[in-house]
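**Student:** As given, the protein sequences belong to chains A and B, one line each in that order.
Residue numbers are given in the numbering used here: position 319 of the first sequence equals residue 319, and the series is strictly consecutive.
Residue numbers are given in the numbering used here: position 129 of the second sequence equals residue 1129, and the series is strictly consecutive.
Bear in mind the hints are in silico, worked out from the structure with no lab data behind them.
None of the values given here were measured: they were computed from a predicted structure.
Every residue, glycine too, gets a C-beta built ideally from N, C-alpha and C.
Hints may be right or wrong, so weigh each one.
[To be verified] Chain B side only, calculated, beta carbon under 8 Å to chain A, not exhaustive:
#	residue
1	1059
2	1078
3	1102
4	1113
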Amino acid sequence: MNQTYAMAAVAAVVAATVLIGSLGLRISRTTSDFYVASRSVKPALNAAAISGEYLSAASFLGIAGLVLLQGPAMLWYPVGYTAGYLVLLVLVAAPLRRSGAYTLSDFAEARLESPYVRRLASLFVVGIGWLYLLPQLQGAGLTLEVLTGAPDWFGGLLVALVVTGAVAAGGMRSITFVQAFQYWLKLTALLLPALFLVTAWVADDAPRARFDAPAVFREHTSVRVDDTVRLALDAPLTVTVSGTVDSTTYDGRRTTLGEGLHRVEAGTTLGFPSGARVPERSPDPDDPLGWSGSLSGEPDGQRLYATYGLILATFLGTMGLPHVAVRFYTSPHGRAARRTTLVVLGLVGAFYLLPPVYGALGRIYAPELALTGDADAAVLVLPDRLVGGLAGELLGALLAGGAFAAFLSTASGLTMSVAGVLGQDVLPSRGVRHFRLATPLAMAVPLGLSVVATNVPVADAVGLAFAVSASSFCPLLVLGIWWRRLTPPGAVAGLLAGGGAALTAVMATRAGLAPDGWPHTLMAWPAVWSVPLGFLTMVGVSLATPRHVPPGTPATLARLHLPEGLIGRPHPEGAER
Amino acid sequence: MPPEPQPATRRPRRETVTGVPRSGRRPPGHAPARSEISEQTTLGHTYVRSLMRSQLRAALSALATLALLVGSLPLLLTLPAALAPDGPAPSAEPFLWAALGAVVHPVLWLIARWYVRRAERNERDFTGLVEGR
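Could you build all of it, start to finish, from the sequences and the hints given here?
**Tutor:** Encoded structure:
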C-alpha cells in the first residue's frame, strides 16, 4: 500500500478534527457550553454526533476482521451494538435526559440522594471509560503501523494528543461538531470503497465466500509471518519456506509439512500454491489473551450460551457506557432525546450494513490475514487487492482516514465523559479550568496502559467494557427509573455484586485461571449470570432496607417521567452546570 | 424545541385583565390536576403512576418484540442441527447472513419508531388529561 496517500489521509483527518474543534472553541464560552453544549443540540446534529462517537474502531475494523475469521455468527456484534440503542431508547432515554443531571454519577446522586452511591458510580464510569479507551489507542497504533510502518506506540500517542487538545480546548460544543463530521466521514469512507469492491467482485464472476470449510488461497500467495505462530494442519501441506519452521531453517525450498502442529518463527515467509487451504492458527498456550472471544469452535451448547452472553452484554451494556449516557444531556428535552435516539438507530443501522461486506470479501481475497493474525487490517488491504492501481491506493487511503476518524471520535467522547467525572468528583473544585486539568489525566492512564499491556484484542476489551456496564449501570438505571423502592444500600450492593462479578470473571479468564470447557465459557461470557445477579442483589438488598428509600423519590420519579413544562419543575442543583 | 415555561410557583404571571376569559378556557398552570401533581398530593402521585405504567407497558411491549424477533434467533438456528442429529444438517449460513447482515436493522428501527410514537401519544394523552382539555 502506498504510504504517502495513507499518511496524507490520516493527516487530513487529524487536521480537520483540530480545525473543527477550534471553530467550536470560538463559540464555547460558558461552563454549560463546555459540558453539555448548552443543552441545545438539535436531534439531527446530535444523532450524527452520537453515531460518530459510538462507531469505534471495533465497528470500523474489528467486525470485518471477526467475520473474516469466524463467519457470519460474528454479526451478532453489530446487531448487539445497534439493539443496545433500542433498549436504551425504550428504557432510559427520555427519563435520563429529564433527570437533569450530567453524568451517570449525577444521575445516581439525584435519584438516590447519597454521596456514597455517587462516588461508587464515578468509580465505575472511570473504570469502564478506561477499559474502552485502551483498545482505541492500541488500535490506532496498529493501524498506523500497518499503514505506514510507524512504531506501534506512535498512533496511540497521536490520538491521545489530538483528542486531549480538542476536548480540553472546546469541550462538548466543539466535540459535537467534530463527531457529527466524523460519522459522515466514516460512512463515506466505508461506503465508497465498498461500491468499488463489489463492482470488482461482480466482474470477477462473484465467487462465494465459504465459511463452513477452510478458506482457500485463490492464487500463489507469499505470506510473511511477523509474530511466531503455531499452525494446526489436518492434512499435509506443500509450501515454499524461507525462514524457520519447527527449528529447521529453509531458504526458499519447497517442502511438505505433515499433519499436526507446526511452529513458524517470526520473520518467516511462506509461499502457498494456488488452491491451498489456509492453515488454522492454533491458540498459543503461552498467550493468555489468545482466547479472543470466539463464538465458534466450541460445542453447540457452549456456543449457544456464548451467543446469548454476547447478546445480553451488548443489548443491556450500551445504556451504561459513559460516553453514550453523557450525550443525552445535550438534548434540549426528553422528547428530543427520544427522537435523537431514533435517528441514531437509523444511522448506526445503515453503517452496520457495510462491515459484513468487507468481512465476506476479505474471506475470499485476503484469507492469509487469518494466518498472520492481522484480521483487523482486512478493511484496509482489500482495495489494494481487488481494485489495485491508483484507484485502489486512493480508496485504501480513504479507509485509513475513516479508521482514524473512528479512533478519534470514540476516544474524544470517552475522554470527554471520563474527564467530566474526574473534574467533578476527584479534583477539588468545579469549573472549566479543572475540566481542562482533568482531560490530560483522563487520557494519561489508558495511554500508559496501552504502552505496558500490548496485544489486547480490540473486540475483547470492548466486550469486557460492555459486560461490566450491563451488570452494573443497567440495573442501576432501569431500577432507578422504574422502581420506587430502590435504596442506596441496594444500589451499592448491586453495583458491586454485578459489576464486580463480571469484571472478576473476565479478568480471571484473561489470566488463564479458568479451567477449559464450561467453566471457561461461563467466565468468558459472564453477562448471562452477572446481569441477573446485579438486578437480584439490587432488588433484594433494597427490599431488606425499606427505611432507606430516599424521601424525595416520588418527586424525582415525577420529574423523570412527566413531560417538560407540565408542572413547575424545581431546577435541581447543578442542572445548568 | 418548546421553551421551558416559567414555573408557575416561582413567579406569578402578571396579566392585563380586559374581560372574561374566552370560551371558559382556564389559563395554563391553574388546572386542578396540575396543582395536585406539583403539590405532590396522593392524587398527584396517582396521576404520575398512571403515566409511568403506560410508559412501562410501551417499553415492555417493545422489548418483548425485540426478544421474540431477534433474541430467539440463536435458538432458532440450532433447530436444523437438532432436527437432523445424524445426517448433514442444512446450512443456516445464508439465513444468518440475510437476517443478521441486513433484515435485522430495519426491524430494530421499526420497533423503535413504534415505541417513540406510542410514548409520545402517552405523554400527549396525559397532558390532555391533566390540563383538562
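**Student:** Which hints, by number, does the structure contradict?
**Tutor:** Violated hints: none at all, because every hint is consistent with the structure.
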